[in-house]
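Asks: These are the residues of each chain, in order.
2 protein chains.
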Amino acid sequence: MPRIVALCGGVGGAKLAYGFARVLPPDDLTVIVNTGDDFEHFGLRICPDVDTVMYTLSDRDNRDTGWGRAAETWAVMDEVGRLGGETWFKLGDKDLALHLLRRQLLDGGARLSEVTRQLAARLGVQSAVLPMSDEPVRTIVETAEGDLAFQDYFVRRRCEPQVTGFRFEGATQARPSPEVEAALSDPGLHGIVICPSNPYVSVGPILAIDGIRKRLERASVPIIAVSPIVAGRAIKGPAAKMMAELSGPVSALLVARLYGKLIDAMVLDEQDHALLGERCDDDPRLFLAPTVMRTSDDRIALARDCLRLLEELR
Amino acid sequence: MPRIVALCGGVGGAKLAYGFARVLPPDDLTVIVNTGDDFEHFGLRICPDVDTVMYTLSDRDNRDTGWGRAAETWAVMDEVGRLGGETWFKLGDKDLALHLLRRQLLDGGARLSEVTRQLAARLGVQSAVLPMSDEPVRTIVETAEGDLAFQDYFVRRRCEPQVTGFRFEGATQARPSPEVEAALSDPGLHGIVICPSNPYVSVGPILAIDGIRKRLERASVPIIAVSPIVAGRAIKGPAAKMMAELSGPVSALLVARLYGKLIDAMVLDEQDHALLGERCDDDPRLFLAPTVMRTSDDRIALARDCLRLLEELR
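Line by line, the protein sequences give chains E and W.
Going by the working numbering, the first residue of the first sequence is number 1, and it counts up by one from there.
Going by the working numbering, the first residue of the second sequence is number 1001, and it counts up by one from there.
Hints are computed from structural coordinates only; laboratory data are not their basis.
Remember, predicted model here, so these are calculated numbers, not experimental data.
Hints may contain errors.
Stated by the list, open to error - The calculated DMTMM-like cross-link candidates involving lysine to aspartate or glutamate, where the alpha carbons are at most 25 Å apart (straight line), are:
{"#": "1", "chain 1": "W", "residue 1": "1214", "chain 2": "W", "residue 2": "1312"}
{"#": "2", "chain 1": "E", "residue 1": "90", "chain 2": "W", "residue 2": "1152"}
{"#": "3", "chain 1": "E", "residue 1": "90", "chain 2": "W", "residue 2": "1312"}
{"#": "4", "chain 1": "W", "residue 1": "1236", "chain 2": "W", "residue 2": "1114"}
{"#": "5", "chain 1": "W", "residue 1": "1090", "chain 2": "E", "residue 2": "86"}
{"#": "6", "chain 1": "W", "residue 1": "1090", "chain 2": "E", "residue 2": "72"}
{"#": "7", "chain 1": "E", "residue 1": "241", "chain 2": "E", "residue 2": "107"}
{"#": "8", "chain 1": "W", "residue 1": "1090", "chain 2": "W", "residue 2": "1152"}
{"#": "9", "chain 1": "E", "residue 1": "90", "chain 2": "W", "residue 2": "1040"}
{"#": "10", "chain 1": "W", "residue 1": "1214", "chain 2": "W", "residue 2": "1072"}
{"#": "11", "chain 1": "E", "residue 1": "236", "chain 2": "E", "residue 2": "114"}
{"#": "12", "chain 1": "E", "residue 1": "236", "chain 2": "E", "residue 2": "181"}
{"#": "13", "chain 1": "E", "residue 1": "261", "chain 2": "E", "residue 2": "305"}
{"#": "14", "chain 1": "W", "residue 1": "1241", "chain 2": "W", "residue 2": "1312"}
{"#": "15", "chain 1": "W", "residue 1": "1241", "chain 2": "W", "residue 2": "1142"}
{"#": "16", "chain 1": "W", "residue 1": "1090", "chain 2": "E", "residue 2": "40"}
{"#": "17", "chain 1": "W", "residue 1": "1236", "chain 2": "W", "residue 2": "1179"}
{"#": "18", "chain 1": "E", "residue 1": "90", "chain 2": "W", "residue 2": "1179"}
{"#": "19", "chain 1": "W", "residue 1": "1214", "chain 2": "W", "residue 2": "1270"}
{"#": "20", "chain 1": "E", "residue 1": "241", "chain 2": "E", "residue 2": "78"}
{"#": "21", "chain 1": "W", "residue 1": "1090", "chain 2": "E", "residue 2": "107"}
{"#": "22", "chain 1": "W", "residue 1": "1090", "chain 2": "E", "residue 2": "270"}
{"#": "23", "chain 1": "E", "residue 1": "90", "chain 2": "E", "residue 2": "181"}
{"#": "24", "chain 1": "E", "residue 1": "90", "chain 2": "W", "residue 2": "1210"}
{"#": "25", "chain 1": "W", "residue 1": "1236", "chain 2": "W", "residue 2": "1312"}
Claimed, not checked - Residues from chain E that keep clear of chain W, each with C-beta distances beyond 12 Å, as calculated:
{"#": "26", "residue": "24"}
{"#": "27", "residue": "257"}
{"#": "28", "residue": "259"}
Don't be surprised by glycine CBs; every beta carbon is placed ideally from N, CA and C.
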């Protein structure tokens, strides 16, 4: 089977990772996940993207809300609210259980990658889910109202402030984890897929780590990306709004341009077929596929399309 | 009104504190609480006795179980268990909310006394609830099976190992908090009551702090204690078992002897009237009252009896 690495952030990327996990044996899929959104809250280490991936791969994700766990309850947060505490970041009861276990494992001295491996195993996730680094990288959203920590921008301010840029604190010093290095230098690797995650704040932090970007630039296997922008809009999240504020017209082509020479091909949604006519010479090769993943079958079909494209490019 | 200080541990002591809180204006009651049972679990600071006192004074205590909160739910712990985590220490959802707030306030740099003041205020507790010290003191139970951290002995091992002694790590270095010092040196103070808490592991750690013990030894106001041993048995908890293992016959007189010259009088339960006949010269003065607190009225009645005794002793 083709062994692949998927790079992703939260929801959209996790859906494609789910598709891969359904069509590849566990050993043949490694998901490298953004940790730029991670933060400390109530003394707990919250890893929103890693958790979304783990919940999605273990069929525990909440497909109604698009975040958090299915069949979640809110007893703790309700009481935090009654006691006058902060409730802007919603931590469900089941979700909190995972955060308590993570805190305990981290306090025991384990690296985040090792902690994640243990948590994933407890959730029954069989593919490798790797935080991009064991060292902290923190996404700062530069806005017209000043710098905001990612969760302040994303949750507390509901992505309202106008974005002027991003920076990824700690990315310069952060090294990829040994597990990430091993996955990217695996001689059995067939290809790398950048999932349809926000290119700025989900994939951006991963690529901001020198040790990862250099490995991708030197990769001997094809690298493809799936656009999170479909028909000029983001399926979910602030990618389109950020793009409009930073670059003007919102388009899947702009995503391709953001990844530039790093990728060998880009998968666009079939709704964007008109864009193929606008291809410029400096754009990577563009391919069409149904990329909107409403059902599990959609996820699996897109995963198969990506695997086919990787084989074609080899 | 008479201004008093009550020293206590968890359940039994908290009941009498509740009685005082119902008969004294908030400014006239200060409760100094054992923190020797405190520990870190899942990265949270758990303060069992302080929380029991706060829950009891705010009418949130669970009178069925004798610990934790009323109308508690267990969504987080249930999930921790499903994920293979430790569930030997039961943290209810509402209880966890308080621990999250405490963690956040401590991480913000506030002293435990200040944090407790804020949490008590949020719970609507009006009397002052003071941790005995802002510095860590940890009760170690010395047993035939080796040293055990208090919660390991008390919860995990269900008080089964035979006790050979106690020590209070950190007590030598720990200073009473400024709030405790102020309460004990308040010129308006009328008396000090050692509540019917375990003399070894609830009151013991408080008295092990030099700055508190010396203030009690020099106190110009009467100090009385209420026996937690009634008719040779502890109302709740391991006090009687500890006493049997350490000293032989279990008796309220032995509690009086443990406190020795520190106290001016001891309140025994009416069931122990026979003990009055055995009084030795080196025992403090003994008084009888109904000390078994089943109802709120029982708590209030015992509080009034204590206040009357303190007035007599002045």
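Asks: Against this structure, judge whether each hint is valid.
Replies: Results for each hint:
1. W:1214 x W:1312: 24 Å, holds
2. E:90 x W:1152: Given pair residue 90 of chain E, residue 1152 of chain W is violated - Cα atoms ~33 Å apart, limit 25 Å.
3. E:90 x W:1312: 56 Å, violated
4. W:1236 x W:1114: 30 Å, violated
5. W:1090 x E:86: 24 Å, holds
6. W:1090 x E:72: 20 Å, holds
7. E:241 x E:107: Given pair residue 241 of chain E, residue 107 of chain E is violated - Cα atoms ~38 Å apart, limit 25 Å.
8. W:1090 x W:1152: With Cα atoms ~13 Å apart, residue 1090 of chain W and residue 1152 of chain W stay inside 25 Å; holds.
9. E:90 x W:1040: This hinted pair holds, its Cα atoms lying about 24 Å apart.
10. W:1214 x W:1072: Violated, at roughly 40 Å.
11. E:236 x E:114: With Cα atoms ~30 Å apart, residue 236 of chain E and residue 114 of chain E exceed 25 Å; violated.
12. E:236 x E:181: Violated, at roughly 30 Å.
13. E:261 x E:305: Between residue 261 of chain E and residue 305 of chain E the Cα gap is close to 21 Å, so the pair holds against 25 Å.
14. W:1241 x W:1312: 34 Å, violated
15. W:1241 x W:1142: With a Cα-Cα distance of about 14 Å, the restraint between residue 1241 of chain W and residue 1142 of chain W holds, given a limit of 25 Å.
16. W:1090 x E:40: It holds: about 24 Å lies between the C-alpha atoms, which stays within 25 Å.
17. W:1236 x W:1179: Violated, at roughly 30 Å.
18. E:90 x W:1179: 35 Å, violated
19. W:1214 x W:1270: 32 Å, violated
20. E:241 x E:78: 32 Å, violated
21. W:1090 x E:107: 20 Å, holds
22. W:1090 x E:270: Given pair residue 1090 of chain W, residue 270 of chain E is violated - Cα atoms ~53 Å apart, limit 25 Å.
23. E:90 x E:181: 33 Å, violated
24. E:90 x W:1210: Roughly 44 Å between the alpha carbons, so the hint for residue 90 of chain E and residue 1210 of chain W is violated.
25. W:1236 x W:1312: 30 Å, violated
26. 24: 25 Å, holds
27. 257: Correct as stated: the minimum Cβ-Cβ distance to chain W is 42 Å, above 12 Å.
28. 259: The claim stands: residue 259 of chain E keeps its Cβ more than 12 Å from every Cβ of chain W (closest is about 37 Å).
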